[in-house]
Each structure stands twice: as structure tokens, then as C-alpha cells.
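> Working from the sequences, and respecting the hints, build out all of it.
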Amino acid sequence: MIKSNNSYRGYLLIILVILFFVTALSVFILLIQGKKITPSGQIIETGVVRLLSDVGDIKVYLNGKEVSRSNNLVQNVPIGKNTILVRKAGFSDWEKVIKVDSSKVLELTARLYPEEFNIDQITSLNINSFGYSSDLSNMYFTVTGESEEENGIWRINLSNGIFDFGSGEIKPQKIFAFNIELTNSLKEEHLLSVSPDGSSVLIETSLNKKYIWSAQKPNELIDLEVDLGFKATKIAWFTSNSIIVFNNDVLFERRLNSEENRLITYQPQSNITYCNGSGFSYWIGKETGTIYRYQNGDSVQIPLFEDAKDLGSITSLECLNNINEVVVEDSQGYYFIDFATNFIDRIARDVEITNISADGNTIIYKDVATWYSYNIKDISGTDTFDTQTYLLESVPYNNTAYIVDGGNTLAIFDRNVENKNLLLLSDIDGENVNNVLKNVTLGNGKAAMMQSDRKKLFVVIKESNTDGTTSSMLYVVDLTK
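Under this note's numbering, think of the first position of the sequence shown as 630, with each following residue one higher.
Keep in mind the hints are simulated off the structure, nothing from the lab. Every residue gets a Cβ at the ideal spot worked out from N, C-alpha and C, and that includes glycine. Check the hints yourself; a few may be wrong.
What the hints assert, rightly or not - Label pairs and their computed distance ranges (CB to CB): (1) L836 with I727: 28 to 38 Å; (2) K1067 with E695: 25 to 35 Å; (3) V929 with E775: 50 to 60 Å; (4) T1109 with Q898: 50 to 60 Å; (5) T1018 with Q898: 36 to 46 Å; (6) E817 with D730: 32 to 42 Å; (7) E817 with K938: 42 to 52 Å; (8) Q898 with L836: 25 to 35 Å; (9) L892 with G1097: 44 to 54 Å; (10) A806 with Q1017: 46 to 56 Å.
Here it is in C-alpha cells:
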């Protein structure tokens, strides 16, 4: 009888062990499927948030409760809408309402700014016009003042980590001196754009004079009217050694080193519709309305896929960073198109596009009363995109907004708050607005630019002089402390 009881207990123990492992395995399977068991035994689906931040030692709160973050992952986030809050002492809070899906990991980057900013003046030179290289490693600017020694083209290295606040050791370098004739010619308003590799500069005056300075010929300023033999209507960088020239009914590439011209299209008595990217262009055939892409000296027809065949006559084009992506406009509005995946998405109608990010993934536009941002995100492993349109409630209509980095941060110049001029930074959706500078007047154009590591913000600020004139000076704002 004792032997029988021992056998029974042995079998029972084996069954209990098996049940334990089955239960543990079931719980494990539920967890890896993104599900959670509540204290009452209810099984609910959850998701995962990968939360990155440009500052360390942050505290994370989910729906009002502090949660842990392991390897940048916040686990067991309820499906649907949640509020996530990121905090660190000495920095502004970052908060966002998020929508979590069990089928994918939601990627977030919390950008926190210090409650107080350090600002240093980089140079006392009076800047006329300026431009940044696409990677923000260099800034070029012109000086056309009373000092003959200062007048010319200047360059300053803005590379990450180069600034030590308060040291005053970093100085701009004068790379080309203007003579009196050039100084007088460039005293009026002019634009400055930098080549894709950051080594050359295109200067365009309000009187349609165009010049190029190149590091390959540092002692020469090319007068493009003399070089081309005519005054071109529009010129833009194509590659680091070539430009796209548009003149009424002809569009061609000009190789600067070889002085070779390559015809893109000739359309007599027509205003050519085209856009220009880095090393590629799109243009529309006059007779058929066909889309062509020009690259490496050749134009190829780009046929419209099925979902895009309902487009009307294309009236404008905007090239993005990706060679396969373009924004087109017809009578019904603007559309984003990716020819590699046959994807098309309507952006908006009756609006004005004001800014496109360097990475091509964010478009800023406005209608008669409101600003918006349109964001494009490639869904990994698929042939589609996640596109979102955000109403920028933080941007008063009659003010200025543009992308200040590669495509994640918005600079807002607000002139309407208590009669004070404010420079604000926000997420690209207009949320988490931070006041960086107040009582400032910014220089013309995109007066603020941020380094790729987001540690420094460079700002051109206009200052009033005692004689009633103004000077534009370059400052750097520390975003880390």
C-alpha cells in the first residue's frame, strides 16, 4: 500500500512538472507574440516602443506611470493610443500621444532641450548672404561692407565637436577677395548656394548676375554670363562639377571642368517643366506630357504605373533626395510618387510648398491660413510607405517655418508673441515647442541650421547699429546644457 502511494505521488509530481513547463511555455509564447497577462488572468495584446534620446539618464512615463527602458525598448505598451513622457532634470519635458500596433515596433526619438541656452558669437564680420553645405560641415558667406580687407567670400568649418564654448579659437577663413567692382555688384541682395560636396559656391544677384567660386580654381570667380556666352534664366547645382542651365526653351548640363554642354531637352516656344536633384533631373515632354529622367548624360522615359495614370497635365515638379522619388502637381494638387515601388499618395490641393528636407522625407507647405508638414517613412521590407500629414498649430500663418536639420526638427520664427521675436524649435509635427532665443531678428533666408548630432545650432542674427544701420552676425547656440 505504501508502495502504491509512492508511485501515485511520483506520477503526480511528473504531471505537475509537465504542467509547469507547459504553462511557462505558453506564457513565453504570449510574451513573444506581444501579449500580456493581467493580474485577473485576462490576456491582452501589447506592443513595443523603441525610444531613443539625444540625452542620457532620462525617466520615461507611460500614461502617467514611470516605466523601465531596456536597450532603448519600452515593453508591454497597450495597443492603441498612449501618452509617453520623457523627463530629465535641467531639460524641458518631451511628451507625445502615440498609437501602438502589436505587429510592429514603434520608433521614437525624444529630443530634449536645456531649460537655459548658452550662446556665443562666432564672428564680428557683417554677413551679407550665406549658405550651408548639405552635411552642415561648412558655412560660406559673403561680406560687402566698408572694409576692403573684409570684403569677399568666407568659409567656416562647422564640423561636429569643433567648437569649445568661450575659447574663441575658431575663426572663419577668407577664401576669395572681392575687388571694388564685385563689392559694388554684390552689395544688393544676392543668393548663395553650395555644391553637393561643399567645395564650391554659386552666387546669384538680384540683377541676374551669376558667379561660381570653386576650390579647384580658388583664385578665380567665374562670371557665368561670360562663360556661357549669354545670361541664363536659371542656374542650379547638378553635381559637384556641373550645373543645370535653363534658358527659356532649352535645358542643358554644363560641365565646369571640361566646359562641355550636354543637351537635356529643347522645347521651342515652351516653358520647360523640370526639377533638379543631386545628379539627376526630371522633366516633362512638351507634346506628350511624358515624364523623363536625366542622369549621366542621358534622358530615359519613366512610364506611369497603373495607379498614377489618372494624373492630369503635370504643371510642376519637385525632386527629392531619392532618385526614384518626385513630387508632381496637376490640377488636383500635389502628389508624392515613388517609381521604384509604384507608390502614389496625394499630398494636398491649393497649397504652396515652402521647404523640403535634405533627406527628402519631409515637406513643409501652407494654404491660405495654415502650415502643414508631410512626412514620408519607408516601411522596411515592403513596397509601400507610411505617409502622415501634420497640422502645424504652433506656426502662426504670417511667420516663418523651415526644417533646420536633415529632416527631424522645425525652426519657427514667431513675431507675434507679446511683440517679441522668438526663435523656436519643435518636432517635425509641430509638437514639443521650445523657446531658444527671444528679442532677435534673423538674417535673410534659412538663418538657423543645426549640426547632424544636434549639439549646436548656428544662427545669423541682425543687430542694430548706433548709426541706424544693421549688421548680421553669426552665433552658435549650445543645445546640450
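> Hint by hint, note whether the structure agrees.
Status of each hint after checking the structure:
no.: 1; hint: L836 with I727: 28 to 38 Å; result: violated (52 Å)
no.: 2; hint: K1067 with E695: 25 to 35 Å; result: holds (33 Å)
no.: 3; hint: V929 with E775: 50 to 60 Å; result: holds (53 Å)
no.: 4; hint: T1109 with Q898: 50 to 60 Å; result: holds (57 Å)
no.: 5; hint: T1018 with Q898: 36 to 46 Å; result: holds (38 Å)
no.: 6; hint: E817 with D730: 32 to 42 Å; result: violated (55 Å)
no.: 7; hint: E817 with K938: 42 to 52 Å; result: holds (47 Å)
no.: 8; hint: Q898 with L836: 25 to 35 Å; result: holds (26 Å)
no.: 9; hint: L892 with G1097: 44 to 54 Å; result: holds (51 Å)
no.: 10; hint: A806 with Q1017: 46 to 56 Å; result: holds (49 Å)
Hints 1, 6, counting from the list given before, are not met by this structure.
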